[in-house]
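Undergrad: Below, each chain spelled out in residue letters.
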Amino acid sequence: MSGDGQGTHGGAHWFDDDAGPVVRPYAMTRGRTSSAGQHRLDLIALVVAEDVTHDPETDHMLSPEHVDIVDLCREAPQSVAELAAGLDLPIGVVRVLIGDLADDGLVHVTRPVPPAELPDESILRDVINGLRAL
Amino acid sequence: MILGRSARGKAPVEPVTLKILVAGGFGAGKTTLVGAVSEIRPLRTEEILTEAGRPVDDTNGVEGKHTTTVAMDFGRITLREDLVLYLFGTPGQDRFWFFWDELATGALGAVVLADTRRLEDCFAAVDYFERRRIPFIVAVNCFEGAERHTADAVQQALDLDPGVPVVLCDARDRQSVKEVLIEVVEHAMTFAADPRQAVTS
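Protein sequence lines correspond, in order, to chains E and F.
Take the first sequence: its letters are residues 1 to 134, numbered as in our numbering.
Take the second sequence: its letters are residues 1001 to 1201, numbered as in our numbering.
Misleading hints may appear alongside valid ones.
To be verified - Below, simulated SDA-like cross-link-like pairs (lysine to any residue); rule was C-alpha separation at most 25 Å, straight line:
#: 1; chain 1: F; residue 1: K1178; chain 2: F; residue 2: V1126
#: 2; chain 1: F; residue 1: K1178; chain 2: E; residue 2: I123
#: 3; chain 1: F; residue 1: K1178; chain 2: E; residue 2: E65
#: 4; chain 1: F; residue 1: K1178; chain 2: E; residue 2: L62
#: 5; chain 1: F; residue 1: K1178; chain 2: E; residue 2: L134
#: 6; chain 1: F; residue 1: K1178; chain 2: E; residue 2: N129
#: 7; chain 1: F; residue 1: K1178; chain 2: E; residue 2: S63
#: 8; chain 1: F; residue 1: K1178; chain 2: E; residue 2: D59
#: 9; chain 1: F; residue 1: K1178; chain 2: E; residue 2: G130
#: 10; chain 1: F; residue 1: K1178; chain 2: F; residue 2: I1134
#: 11; chain 1: F; residue 1: K1178; chain 2: E; residue 2: R132
#: 12; chain 1: F; residue 1: K1178; chain 2: E; residue 2: L124
#: 13; chain 1: F; residue 1: K1178; chain 2: F; residue 2: R1117
#: 14; chain 1: F; residue 1: K1178; chain 2: E; residue 2: T33
#: 15; chain 1: F; residue 1: K1178; chain 2: E; residue 2: S122
Everything labelled a hint here was simulated from the structure, so no lab data went into it.
Because the structure is a prediction, the values reported are computed rather than measured.
Hey, can you work out the whole structure from these sequences and the hints?
TA: Written out as structure tokens, the structure is:
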């Protein structure tokens, strides 16, 4: 803490986006930064909607953001990174929300290749062939 | 319709997902490279870092702002219905290094994109991948008008281990970027077969 921090920005004001979000992002998770019983979801873990009959929109325990995630995943499985970008929410927030949905049985999450383990050689060959064919 | 496609009795395909990281200094062309091959416009994903996760940021002068945002651009290539490759541009600022561990976990490999006018900008990335034993290649982005160097010269300037491939590329060109990515995967295969050959200390 140095004293010269004071006053150097005396005339500065924060407008619009500079002022930060109107709702603090982690308010959507009710302050939680991790989800119980859920290991950290990789950015490329895929979230797949479960085939359930009840409509999440009628579930009053769910926030609009929860419902948005389920809706997006019903169109096609979505990676954690894509959901965060699509909903314009921080990754940590999306992780917590996905954890809630998994607990409720509305989605499940596929595990990508485990850490510190390269995928199978045959998969790497498929990747090379796929890239060549692009 | 609530049930969507699964109502028709066909379970949605759950593809295998893989990721390749694209590192390099600020302005080296990471997002350009991702955009050249991605089937989607590169998306931006963000994480908010709080005081605890942000050990070196200096907030003097911005009292009251206790969080900062780290952003990554990424793209997607669907290789097959059941095989999807994601490309992540890593945050360029040095102070976000600790965030890289999360990105690097489970990555197939990495591209260090080098700009020969500012080669020192990629030292940190090279160091990082060497230390974590993540297979990487160096791709020299040949900017128009930038002095051209041979791959050998770059290899020496960066003091790379002999097994690390160095290729010249144009980050705007889809074909060129495809070749860079193929090189990464081929290198990852060699690396998996004999990590000692690829990394000598």
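Undergrad: Are any of the numbered hints broken by this structure? If so, which, sorted upward?
TA: 3, 4, 7, 8 and 14
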